[in-house]
Each structure stands twice: as structure tokens, then as C-alpha cells.
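Colleague: Please arrange chain B on chain A, whose structure you already have, making use of the hints.
2 protein chains.
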Amino acid sequence: MSKTIAIIGLGLIGGSMAMALKGFEDFEVLGVDRDSATLEFAAAHKVADRLTDDAEAAIADADVVYLCLHPGAIVDFLKAHRGDFKPGSLVTDVCGIKTAVVDAAAVLPDEVDFIGGHPMAGKETSGIFHADGDLFRGAHYILTPRPGHRPEHLDLLRRIAAYIGCRDVVETTTQKHDAIIAYTSQVMHIMAVAVCDDPDLFECRGFEGGSFRDCTRVAALDVPLWTELFSMNASALTKVIRNLEDNLRAYRQVLERGDTAALARKLAWSADRKRHMDLE
Amino acid sequence: MSKTIAIIGLGLIGGSMAMALKGFEDFEVLGVDRDSATLEFAAAHKVADRLTDDAEAAIADADVVYLCLHPGAIVDFLKAHRGDFKPGSLVTDVCGIKTAVVDAAAVLPDEVDFIGGHPMAGKETSGIFHADGDLFRGAHYILTPRPGHRPEHLDLLRRIAAYIGCRDVVETTTQKHDAIIAYTSQVMHIMAVAVCDDPDLFECRGFEGGSFRDCTRVAALDVPLWTELFSMNASALTKVIRNLEDNLRAYRQVLERGDTAALARKLAWSADRKRHMDLE
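If you're matching them up, the sequences are chains A and B in order.
Each residue of the first sequence is one higher than the one before, counting from 26 in the working numbering.
Each residue of the second sequence is one higher than the one before, counting from 26 in the working numbering.
Take these hints with a grain of salt, some might be off.
Copies of the same chain look alike in the list, so a pair counts if it works inside one copy or between any two.
Once the Cα atoms are required to be at most 35 Å apart in a straight line, the calculated DSBU-like pairs of lysine-lysine come out as [said to hold, decoys possible]:
#	residue 1	residue 2
1	28	111
2	104	47
3	47	201
4	47	71
5	148	47
6	148	201
7	104	264
8	148	264
9	201	111
10	28	201
11	201	104
12	71	104
13	264	28
It should be emphasised that the hints constitute simulated quantities derived from the structure, not laboratory data.
Chain A extracted, bound-state conformation (with noise of 0.2 Å):
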């Protein structure tokens, strides 16, 4: 008999996941959506194999429920919703903060699995009309397993992350991914908009190369979404912001100081950490 995972919101990171996971072991990939016109599109595009509107009905039904809406939403569905997951299933999200999502499925019963997950994917774009069966190809997949959590459920994760293209699964705490992803990811999007506030910015066609390309692509961010990621990771936000400004204000004095060895001994030192991380 087929089992079931329920996307529980078909925007681009719920879309793109039903796309991708279309086809994995015996599953069945029930899209789940409250607006008419993404279940028509997932429809007319096949996103997934089945379409419902009905939240309640498909988790009830579920083994494995991916949480694809926003973090403030997951925080409540996971309220409203406590009672009404199968006993025995896993349910799983794919949120860019995990403490505050994490924390909020202990009101789950204890026969419902909760891990915590973060495919580190996205576009400057949001909404099915993107969705892209491909977009988790080459990234990191991250897990916050839960003390007690079941084996047999991250097993499963695991080979979803290598089913849809994964280049690793790495498992830390609710705690230190979200440290390390204001630094990694949030604190690229502050610096992009920041840059696009410059007064300067609209005298510039003409004049940017790759750098400014690369660097501003993430500032045409989805606005609700990158709100509630922001605030609710806040804390260790403003300090990875605090680190950047102070390291800035370091390269801009000893440009003011007109210091020429001293800038070459900081530029040596920053680039050579870079070569150190060795990134793709």
C-alpha cells in the first residue's frame, strides 16, 4: 500500500518540493493549498500527484507532512493543527529558522515526530508560478532532530535530501543553525538591500560588473517572508550586523589613514581566509 506526504503550502519552496519529491520510493505527493489559483496552476502543471484544499483531512491521512509556509503560519498551523496529525508520522518543515519553529512543535502529542528541516535553496522570486523541481540540486540540507526523535524518520529525510538532488544532510541543533544562517544567508540579505539603499543606486547602470550583480541579486526579496525570518532570528541577526560594521569601519580607517602596507596586510589576511574556505 502507498504511503502519503502531504506539502502543506504550494508556494516556491512547497511547489518546488512536491516537483521534486514527485516520483520518491512509494509515495503518493498530496499538494495541499488554501488559494484556488496556486491548485490550479499545481493542477494544469502537475506539481504534485494528488491536489486538496483540505489541510486537516490530508494530515490526518498523511505519514509525512512537509510544513512550507511561512514561520509565523508553521507556528500556528502547529497550534491549530496539534491534534489532528496521524499518530506515528513524521512531520518536517523546510523553514530558513528552526529555534522558533522547533520550540513550537512541542505542543505536538508525543506519538507525532517533529524534525526540523532547512534545504538551503530559494530565489529572488516567490509563488508556485516559480517552482522548480530542480532548485534543491547542489544544496546543503539541513536537520535539528529533537531528543527522542525516530531513527527511522531521519533515515527517511535522508534519502529525500538525495532523491531530490542534495549535495549533504548536516545535523546540528535548532540553535546553531540559526547563528550560523544570520551569518551564511540573513546577513547577505541585509548587506543586499543595504547596498540598494546607497543614494547612488539608480546612477549606476552602465558601471556594475558581476560583483554588484552577484551581490544585489537576493535584494528583490520576498518582503513577508523575510520580515518574520529577520525578527524572529533577531537577536543573533543584529550581532552578525554589528561584526560586519565594525570590520567594514576597520577597512574604511585604515583607508582614511591613507595606511598602504596596513591595507595590504588586512587584504592579504581576509583573502587568504578565503581561499582557506574553499568553496565551490
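Modeller: Just chain B now, with coordinates in the frame of chain A:
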């Protein structure tokens, strides 16, 4: 009778320019470098039509001279060789700052035409070993003609820009170039190195996504080159760094206040500016 373009300095940009220029109209491409390993590599890979280590003889004979040295070396070269260029020739450069270089060209005699140039392409590697004839494809080619330049030379540079695959030619003043480039290019590099100064850098393997890879890509920079580029444009660059510090601080403060509505308004404003930039 064929004419000659001499490329002085076969580094990443000079080597790429020589390769890109091969076959341009009836010009012979003459590659010039003092380093024997560079000349050997250039000969083995047919980087230019002809090679020499004799810059003085090369510029005495060349109709077009491309100075592809670091900015300080260009200033020194112009001073040392001011009387050696062929009368009626065009001298240009490919340097990322323009005021210091074009000012230095004032030492040239009236019968030698100097037009500053900046094809906005690069890599986070250096040396002829990484040269690539396709490096300039899709790049903006910025030109800063001086009053009294010869229009046929500007036309020639426009035909070269098209031949090597640049998307367009942008004419501007040296001052405007340097002010805008401080923003669109130099501060992107300062941000990339400043991000790599964060104490958490080496914790972040496994947690990085596209935005982190994109933003820090240029941090592994050529230290002597960028020390000069930053130092020789310090007043414009420090102004842009200060703006960025201010814009980051504004985001940090709204996060520290916990003012979610103000954060959403700020993000909407910045993301909207980015969307209006409409870079592909």
C-alpha cells in the same frame, strides 16, 4: 599594410585582451611582458600574434597601445616612456580606476592620444594562466575620453569593444567613473573581505547557500592590485563604505527595537529599489 596593437603586460586582463583581439580588422596583436615564464606560456598558447620583452621597441612601432599593468605601474610607465610612443598613435588602458591614470597621461606629447578605458570584467584569479578570450563577453566597456581626443580613436575603441563581445560602451568622465565604481565594484570587494573577517567564517561550512558563495566569491582578490585600486580611489571609496555602514546600522537598529512594521517598510522600500534597477 597591417597595423599593430601592442598589449603591455600579459596578466589576466592583458592576456585575455590579446586573445580577444586576435583577428581584429587588419591589426597584428603584439604581446609584451618582462616575465619569461609569461612569454613562454603566451607562446605555447598562441595568446598573441607576436611576443616580445622589449616594451620600448613595441610602443615605438605600435598604432594602438593597451597598458594592462597595475595602476601605479601605468603611471610609472607613462612617465618613463612619455617620449617613446609613435606619433599619431592611440594609448589606452584597462585599469579599474581612471582619474589617477588619465591625469598621469598629461605627460604625453600632444601627438599621442590617450583615452582611458575600463572593460568591467575580471576574475578572482590573476596571471596569464587564467586568461580567457571570452572574459569581456557581456561586460560594460567604460571610456573616459579627454577633451581634444581624436574621434577616430574613440570609434576604433568602440569597434574593439564590439569585437571582444562587450555589451555596450559607456562614455563618462574620470571623476564620475571613480565615484560610481567605488560603489558598484570596490565596495563589493570590501564587503566580501569584511564578511570573511567574521570570527564565524570557518564554522560555516555546510551552511552556505548561493548568496554567501556569490557575495564572498571576490574576496580571494589579487592583494597588490586591489591595494592600489582602493588606495588610489580612497576618498570616493570611504564615502561609500560610510554610507553602507549607515544603511546596515539602520537595519540593525530597527531589528533591535523589535519594530516589525518598520522593518517590513524598510525591506519593501529597498526591494522595490532593487526591482527598479532591473539588472538581468
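Colleague: If a hint holds in the structure, say so; if it doesn't, say that too.
Modeller: Results of checking the hints against the structure:
1. 28 x 111: Within. Shortest intra-copy distance 12 Å satisfies the 35 Å Cα cut-off; inter-copy 80 Å does not.
2. 104 x 47: within (29 Å within a copy, 68 Å between copies)
3. 47 x 201: Answer is within: at 32 Å inside a copy they meet the 35 Å cutoff, but 53 Å across does not.
4. 47 x 71: Result: close within a single copy only, 10 Å intra versus 51 Å inter.
5. 148 x 47: Classified as within; 21 Å inside a copy, 39 Å across copies.
6. 148 x 201: Both ways: residue 148 and residue 201 sit 24 Å apart in one copy and 33 Å across, limit 35 Å.
7. 104 x 264: Result: close within a single copy only, 30 Å intra versus 49 Å inter.
8. 148 x 264: both (25 Å within a copy, 32 Å between copies)
9. 201 x 111: Within one copy, since 30 Å is at most 35 Å while 65 Å is not.
10. 28 x 201: within (33 Å within a copy, 63 Å between copies)
11. 201 x 104: Within one copy only: 25 Å inside a chain, 57 Å across chains, cut-off 35 Å.
12. 71 x 104: Classified as within: same-chain Cα gap 31 Å, cross-chain 69 Å, threshold 35 Å.
13. 264 x 28: neither (44 Å within a copy, 60 Å between copies)
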